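What follows is each chain in one-letter form.
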Amino acid sequence: MNKNSIPTLKGAAIATLERIINTALRLDTASREKLALLAGQVFHLECTRPDLDIFLLPQSDGVQLAGHWEGNVTAGISGSGDDYLELLRSSDPAATLINGNMTVSGDSKALLRLRDVAAALDIDWEAPLTRVFGDIVGHQMAQSLRFGQRLIRDAANSLRRQIYDYTQEENPWLAHRWQFDQFKHDVADLSARSEQLLARAAQLQQTIAGRTKRNQ
Amino acid sequence: MSEQNTTHFGYKTVNKNEKVNLVAGVFHSVAAKYDVMNDLMSAGVHRIWKRFTIELSGVRPGHRVLDIAGGTGDLTAKFSRIVGIDGKVVLADINASMLKVGRDKLIDHGIVGIVDYVQANAECLPFPDNYFDCVSIAFGLRNVTDKDAALRSMLRVLKPGGRLLILEFSKPQHAALGKFYDLYSFTALPLLGKLIANDSDSYRYLAESIRMHPDQEMLKAMMESAGFVRSEFFNMTGGIVALHRGIKA
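Protein chains in written order, with my numbering: chain X, 1 to 216; chain G, 1 to 249.
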């Protein structure tokens with residue numbers, strides 16, 4: 001960022017993101033209360049793919065996002081979008097933080113508490129839907145939404161289980177990474193040797209042709 | 001009229017005493033539609049400019065903040081969230097109509113107890129020396145008759161180490177953007193003013209007063225002359241708006 005020039009688009013993106021997060025938090029009181037316990041702390045979230053650098057400040061009634069922060073930071077984390085998703089989905093976030101590709105600085109306990117709040121976000125759509133469509137229709141819509149969410153979650157869990165079972169069964173027949181790497185290396189080596197052999201044969205052919213010409 | 005007693009009101013040269021009344025007239029006229037017009041004229045981008053101002057303010061819980069020319073209280077609302085119940089925000093404006101709109105809006109949003117409302121002239125602020133942690137003035141300095149006096153007054157009320165933030169229209173940094181901006185300012189703005197606020201003259205004054213306002217470097221020099229240190233500015237939206245920041249030594 002040019003020191004004397006502030007990108008307006010980045011500011012707009014951060015403002016929009018803040019609004020989305022706060023709207024979601026308003027629909028999940030439990031998460032909002034947990035987040036309020038982190039009020040006063042500052043988290044620096046750096047994402048490499050997509051490129052995003054923001055400061056997250058939990059407050060009693062939501063979060064404040066900032067593109068610029070000049071004070072102390074409680075904890076910082078840096079990684080790609082995929083790394084953040086992996087951390088959110090992980091059943092052992094501490095291990096993912098330590099063994100994963102993310103860079104962590106500062107108070108990692110606070111960071112894990114923040115991650116727990118984000119992972120446990122459970123939005124209750126009933127309140128806004130009943131506000132707009134009335135009690136009966138809103139309730140029915142919320143029920144359908146909950147049913148749909150449950151269906152997707154169950155389907156995802158079932159798919160995950162099946163993939164796990166399949167890979168367990170097929171594991172003995174599948175090549176390990178090191179075997180694959182070795183095979184790839186051997187193929188590359190064979191390719192190089194074949195090229196050398198071809199070059200040598202061509203050179204010999206030229207030599208024989210030269211000698212035959214001289215003898216004639 | 002002697003040159004020392006005159007100043008600019010848009011492109012007009014007027015008596016210094018007269019400018020206060022003329023500016024007051026403009027803001028009495030636009031106060032009721034001020035927020036709507038801001039959103040329309042800037043397509044909502046003024047909210048981004050104000051967000052960045054808050055980010056650079058360095059305001060923390062418990063701080064005392066003065067929001068000069070605070071108008072309808074956009075910055076005051078944000079500052080009050082940060083300073084919390086241990087802090088204090090003073091919303092000051094020379095114009096009673098703007099102050100009333102701001103006070104009503106903040107009370108409607110449930111912001112009470114943290115904010116004080118003061119009708120005050122930026123050139124002679126009615127506060128003790130070394131009192132505030134941060135002073136902000138957003139889109140107000142260009143309407144002040146004696147800008148140097150106002151800057152000295154802001155320096156006086158700031159604590160040592162306190163920050164002054166001036167968010168103001170400035171000079172676009174690209175010629176093409178400048179041409180488009182001129183066209184927009186002198187045609188679309190008065191038209192919008194006529195349609196929404198039924199007052200095209202006030203929005204013509206807005207466009208003219210922006211052109212007469214010191215550019216980025218000149219305002220920075222004025223801040224340094226007033227006694228601010230580490231003065232710097234940040235251009236936003238191609239320099240259409242600039243945020244100046246200075247520290248009291």
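Misleading hints may appear alongside valid ones.
Under 8 Å between C-beta atoms, here's a sample of chain X residues computed to sit facing chain G [as the list claims (entries may be wrong)]:
no.: 1; residue: Thr8
no.: 2; residue: Gly11
no.: 3; residue: Ala15
no.: 4; residue: Cys47
no.: 5; residue: Ala66
no.: 6; residue: Gly67
no.: 7; residue: His68
no.: 8; residue: Glu70
no.: 9; residue: Gly71
no.: 10; residue: Ala75
Capping the alpha-carbon separation at 20 Å, the derived lysine to aspartate or glutamate pairs in DMTMM-like fashion look like this [claimed, not checked]:
no.: 11; chain 1: G; residue 1: Lys19; chain 2: G; residue 2: Glu123
no.: 12; chain 1: X; residue 1: Lys10; chain 2: G; residue 2: Asp39
no.: 13; chain 1: G; residue 1: Lys12; chain 2: G; residue 2: Glu232
no.: 14; chain 1: G; residue 1: Lys159; chain 2: X; residue 2: Glu70
no.: 15; chain 1: G; residue 1: Lys12; chain 2: G; residue 2: Glu224
no.: 16; chain 1: G; residue 1: Lys16; chain 2: G; residue 2: Asp199
Short, incomplete list of chain X residues facing chain G, as computed with Cβ under 10 Å [what the hints assert, rightly or not]:
no.: 17; residue: Leu9
no.: 18; residue: Ala12
no.: 19; residue: Ile14
no.: 20; residue: Glu18
no.: 21; residue: Ala36
no.: 22; residue: Phe55
no.: 23; residue: Ser60
no.: 24; residue: Asp61
no.: 25; residue: Gln64
no.: 26; residue: Trp69
no.: 27; residue: Ala94
no.: 28; residue: Gln162
The set of hints was computed from the structure by calculation and includes no laboratory data.
Note that the structure is predicted; figures quoted are calculated from it, not measured.
Each residue gets a CB set at the ideal place from its N, CA and C atoms; glycine is no exception.
Hints broken by the structure, by number, lowest first? 4, 10, 13, 15, 16, 21, 27 and 28
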